[in-house]
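Protein chains in written order, with numbering that gives the first Met the number 0: chain A, 0 to 446; chain B, 0 to 323.
Some clues are possibly wrong.
Covered by chain A, according to a simulated footprint, are these stretches of chain B (three or more residues, beta-carbon under 8 Å) [unchecked claim]:
id, region
1, 17-24
2, 123-136
3, 152-159
4, 259-269
Here are some of the chain A residues that sit facing chain B, going by a computed Cβ distance under 7 Å [unchecked claim]:
id, residue
5, Gln-57
6, Asp-105
7, Leu-237
8, Ile-278
9, Ala-285
10, Lys-297
11, Pro-298
12, Leu-307
13, Lys-381
14, Glu-433
Simulated from the structure, these hints should not be mistaken for lab results.
Because the structure is a prediction, the values reported are computed rather than measured.
The C-beta atom is built at its ideal place from N, Cα and C for all residues, glycine as well.
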Amino acid sequence: MALSGIQIYKLLPQTNCKDCGFPTCLAFAMKLAAKQVELASCPHISEEASEQLSAASQPPVRLVALRANGNEVKAGNEVVMFRHEKTFYNKPGLFLRFRDNENLDDIKQRVQKADAYTVNYVGIDLQLDGFAVEAASQDASKFEEVVHTVREHTHRPMILITDNPEIAGAGLRAIDGEYPLLHGATPENWQGMVEAAKQHEAALAVTGKTLDELADLTAKVKESGLDDIVLDPMADNLGMSLTKNTQIRRLALKKNFRPLGYPIITFPGNAPDAGHEAILAAHAIAKYAGFIVLDHFKPEMIYPLLVLRENIYTDPQKPIQVQPGVYELNDPKPESPVLVTTNFSITYFSVANEVESSGLPAWLLVTDAEGMSVLTAWAAGKFDAERIAKAVKEFDLVSKVTSKRIVLPGHVAVLSGELEEELPGWEVRVGPREAVDLPSFMKQVLT
Amino acid sequence: MTVEIPKDSWTGTIRTITLGAMADEGGTRTSKITVGGQKTLPFMQFEQATPNRPVIAIEIADRFPSDWSPLLQEFWADAAKDPGEWAKAAEAAGAEMIVLLLSLTDEDGNPNTPERAVAATKKVLEATGLPLFVYGPGQAEVDNELLLAVADAAKGEKIALGICEDKNYRTIVAAALANDHFVVARAPMDVNLSKQLNILISDMKLPMERILMDPTTGALGYGIEYGYSVMERLRIAALQGDSMTGLPMIVTPGFEAWKTKEAKVGHDVPEEWGDWQERAIIWETLTAVPLVESGADIVVLRHPESVKRVRKAIDELMTIPEMA
Numbered sequence: 000m001a002l003s004g005i006q007i008y009k010l011l012p013q014t015n016c017k018d019c020g021f022p023t024c025l026a027f028a029m030k031l032a033a034k035q036v037e038l039a040s041c042p043h044i045s046e047e048a049s050e051q052l053s054a055a056s057q058p059p060v061r062l063v064a065l066r067a068n069g070n071e072v073k074a075g076n077e078v079v080m081f082r083h084e085k086t087f088y089n090k091p092g093l094f095l096r097f098r099d100n101e102n103l104d105d106i107k108q109r110v111q112k113a114d115a116y117t118v119n120y121v122g123i124d125l126q127l128d129g130f131a132v133e134a135a136s137q138d139a140s141k142f143e144e145v146v147h148t149v150r151e152h153t154h155r156p157m158i159l160i161t162d163n164p165e166i167a168g169a170g171l172r173a174i175d176g177e178y179p180l181l182h183g184a185t186p187e188n189w190q191g192m193v194e195a196a197k198q199h200e201a202a203l204a205v206t207g208k209t210l211d212e213l214a215d216l217t218a219k220v221k222e223s224g225l226d227d228i229v230l231d232p233m234a235d236n237l238g239m240s241l242t243k244n245t246q247i248r249r250l251a252l253k254k255n256f257r258p259l260g261y262p263i264i265t266f267p268g269n270a271p272d273a274g275h276e277a278i279l280a281a282h283a284i285a286k287y288a289g290f291i292v293l294d295h296f297k298p299e300m301i302y303p304l305l306v307l308r309e310n311i312y313t314d315p316q317k318p319i320q321v322q323p324g325v326y327e328l329n330d331p332k333p334e335s336p337v338l339v340t341t342n343f344s345i346t347y348f349s350v351a352n353e354v355e356s357s358g359l360p361a362w363l364l365v366t367d368a369e370g371m372s373v374l375t376a377w378a379a380g381k382f383d384a385e386r387i388a389k390a391v392k393e394f395d396l397v398s399k400v401t402s403k404r405i406v407l408p409g410h411v412a413v414l415s416g417e418l419e420e421e422l423p424g425w426e427v428r429v430g431p432r433e434a435v436d437l438p439s440f441m442k443q444v445l446t
Numbered sequence: 000m001t002v003e004i005p006k007d008s009w010t011g012t013i014r015t016i017t018l019g020a021m022a023d024e025g026g027t028r029t030s031k032i033t034v035g036g037q038k039t040l041p042f043m044q045f046e047q048a049t050p051n052r053p054v055i056a057i058e059i060a061d062r063f064p065s066d067w068s069p070l071l072q073e074f075w076a077d078a079a080k081d082p083g084e085w086a087k088a089a090e091a092a093g094a095e096m097i098v099l100l101l102s103l104t105d106e107d108g109n110p111n112t113p114e115r116a117v118a119a120t121k122k123v124l125e126a127t128g129l130p131l132f133v134y135g136p137g138q139a140e141v142d143n144e145l146l147l148a149v150a151d152a153a154k155g156e157k158i159a160l161g162i163c164e165d166k167n168y169r170t171i172v173a174a175a176l177a178n179d180h181f182v183v184a185r186a187p188m189d190v191n192l193s194k195q196l197n198i199l200i201s202d203m204k205l206p207m208e209r210i211l212m213d214p215t216t217g218a219l220g221y222g223i224e225y226g227y228s229v230m231e232r233l234r235i236a237a238l239q240g241d242s243m244t245g246l247p248m249i250v251t252p253g254f255e256a257w258k259t260k261e262a263k264v265g266h267d268v269p270e271e272w273g274d275w276q277e278r279a280i281i282w283e284t285l286t287a288v289p290l291v292e293s294g295a296d297i298v299v300l301r302h303p304e305s306v307k308r309v310r311k312a313i314d315e316l317m318t319i320p321e322m323a
């Protein structure tokens with residue numbers, strides 16, 4: 000838990016020696032509390048105080064980063080229960096699981112397909128984060144072979160799943176030099192698993208049916224010198240998962256309870272069908288998971304999950320905006336119509352995508368609505384006739400068009416009268432409410 | 000190690016609302032719905048059991064809306080030609096409640112009339128015993144004209160009328176007051192606007208127990224994070240004791256999801272979007288489930304497969320987990 004400046008001050012020598020570069024110990028303490036200087040700048044700190052301070056400066060949820068071939072998947076370092084309190088920082092990694100007793104050619108093809116998958120959402124390319132291999136065969140050499148095969152077809156970080164330390168060792172050997180996640184330690188096998196994880200440099204997932212069991216095991220694992228721990232609370236349904244994930248996050252953030260201050264891994268792929276798998280994964284994205292392991296790779300499921308992850312992890316203080324201005328869609332001519340919308344990125348992309356894919360030329364006037372969507376901006380007084388008219392003038396549309404036709408979003412049809420007054424000589428039309436209906440409107444009404 | 004689980008303690012309670020009048024109250028409904036009553040954040044059953052499960056409604060219309068997805072048309076097919084048949088089909092598909100949407104115009108483009116609206120409402124009330132919500136087409140004058148007639152015709156059934164917005168709520172609230180109905184109060188994704196509208200409506204002497212709030216949510220990919228956070232904030236404010244936000248929430252993931260291109264359209268879309276039908280269902284369910292987890296008491300859906308999936312999710316959330 001973060002200490003206040005005063006609490007830190009009490010642990011400092013309080014001599015005001017200025018060796019840290021600050022005039023007083025209190026000034027230095029304030030800078031430390033604001034995380035603007037390093038504790039090491041104080042040459043006189045006692046060992047005991049240093050220990051206390053560094054423990055207090057640790058994040059409540061440890062950051063665990065899996066790495067392979069320059070790719071990294073990070074989880075942890077979260078500081079709030081609800082995204083509106085600040086933001087959620089590290090998007091949970093989405094992994095696709097294979098079992099080593101599946102057909103090898105089949106695995107290859109599916110890995111290639113999933114690895115190559117990229118989908119564009121509001122101008123961002125979204126992809127899967129990594130792959131998991133489970134030692135279902137219970138055969139070390141088979142496991143090693145399959146891990147090796149998966150590695151040949153992707154550069155992304157991996158999760159290896161087995162409860163047998165020997166088999167774990169074989170799998171880890173196949174990807175030596177990387178930093179994967181090994182799953183998982185149990186009360187029975189944890190010593191062997193810790194050893195394997197240490198020897199090959201891997202993070203270790205710890206399983207536990209209850210939080211008591213989980214906390215016991217993470218304490219032991221940490222004591223044996225392994226710091227990168229991931230929690231598997233073994234929740235197999237939505238209610239259980241919501242309960243446990245909430246309790247773990249609360250304990251970490253509100254109680255600074257170190258034994259559960261780690262990222263969480265969940266397995267929606269254990270669901271009986273892909274429809275429920277998608278729901279469990281969506282829940283895990285919203286409610287505190289750090290690594291999410293899926294069994295199905297279907298674009299129609301991955302795309303919505305990747306989008307949900309972008310949405311939930313958007314910083315609520317900063318709506319994603321586009322630059323206000325005039326955007327040219329499909330090489331507009333002077334006689335092409337002017338469409339108006341706001342500078343909320345999702346609004347902009349919805350409109351731009353529809354019009355672009357229709358092939359119909361238009362000028363898209365994007366007004367400064369402080370990043371709000373049409374209805375919200377209108378309700379907040381950031382999208383009205385005056386502002387639209389101002390933008391028409393500011394971006395000098397008159398020099399670009401000969402036929403002065405301007406199309407309002409259907410949701411703000413009420414503005415049409417005022418806009419006619421603000422823009423004499425312009426023909427004001429009311430368009431559809433939804434972007435998806437723009438192409439047919441443009442074909443039927445504007446041509 | 001015994002881990003002590005931190006429990007929140009709140010002072011507020013969400014109001015409990017029961018809709019639909021059965022024979023004992025002089026109505027013809029064969030079931031009621033009861034929502035609200037929570038004293039904890041959604042499904043924190045280790046603090047206190049969740050008193051009422053979230054309700055799944057199916058949205059139908061007095062005629063099949065021309066701007067709905069062909070996938071929905073294909074599914075409902077002939078049933079959608081008659082609101083009564085559609086309501087029956089919706090009940091068979093698992094709806095616990097019906098939302099009837101009144102159109103702005105008839106098939107030929109003539110304005111909808113109070114007589115037609117009443118006829119459609121009566122058909123639905125006769126076809127199914129489920130509790131009913133009736134929504135106007137969303138234009139103030141038309142809404143008022145149609146809903147006044149509907150409220151009168153459905154007197155005694157304890158239906159809900161929608162949608163009250165800050166620019167148009169008086170007539171609808173008056174109609175609810177006069178006929179013992181309920182109202183849905185919708186504000187555009189803003190905690191204070193929701194609260195303000197609830198205050199305006201209760202100032203007209205409609206008891207708070209007859210107001211459901213619709214905070215507006217946005218769809219997955221189209222602003223759901225705003226709605227999601229507004230709902231979490233509304234629920235937290237209510238539990239902290241703000242009675243003007245302590246109302247059950249009704250949300251419309253069916254409406255939100257099915258207007259997105261991802262759900263609505265199957266041609267000329269990127270290949271990476273995958274299979275159309277399954278994508279549409281997932282779009283609807285992945286809009287609905289996060290909203291249920293952020294506090295929705297009623298979710299209004301459009302596709303029966305989504306109803307099935309969301310029901311399973313609610314079943315799991317309502318089961319009190321055995322933590323031992």
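Quick rundown of the hints versus the structure:
Check on the region 17-24 of chain B: 0 of its residues sit with their Cβ under 8 Å from a Cβ of chain A, so the three-residue criterion for coverage is violated. Check on the region 123-136 of chain B: 0 of its residues sit with their Cβ under 8 Å from a Cβ of chain A, so the three-residue criterion for coverage is violated. Counting residues of the region 152-159 of chain B whose C-beta sits closer than 8 Å to any C-beta of chain A gives 0, which falls short of three, so the coverage hint is violated. A stretch counts as covered by a chain when three or more of its residues have a beta carbon under 8 Å from one of that chain; for the region 259-269 of chain B and chain A the count is 7, and the coverage holds.
Annotation: interface hint on A:Gln-57 violated; nearest CB of chain B at approximately 19 Å, more than 7 Å. At about 19 Å, the closest approach between the beta carbon of A:Asp-105 and any beta carbon in chain B exceeds 7 Å, and the interface hint on this residue is violated. The criterion of a C-beta within 7 Å of any C-beta in chain B is met by A:Leu-237, whose closest approach is roughly 4 Å, and the hint holds. Because the beta carbon of A:Ile-278 sits about 5 Å from the nearest beta carbon in chain B, less than 7 Å, this interface hint is met.
Hint status for A:Ala-285: holds, given a least beta-carbon distance of 5 Å to chain B, under 7 Å. With a cut of 7 Å, the hint placing A:Lys-297 at the interface with chain B holds, because the nearest CB-to-CB distance is about 6 Å. Contact between A:Pro-298 and chain B, as hinted, is supported at the beta carbon level, the nearest pair being about 3 Å apart and thus within 7 Å. Hint status for A:Leu-307 relative to chain B: holds, with the closest Cβ pair at about 6 Å, below 7 Å.
At its closest, the beta carbon of A:Lys-381 sits 12 Å from a beta carbon of chain B; the interface hint therefore is violated under the 7 Å criterion. The interface hint given for A:Glu-433 is met, as the beta carbon of that residue sits about 5 Å from the closest beta carbon of chain B, less than 7 Å.
The structure shown violates the earlier hints numbered 1, 2, 3, 5, 6, 13.
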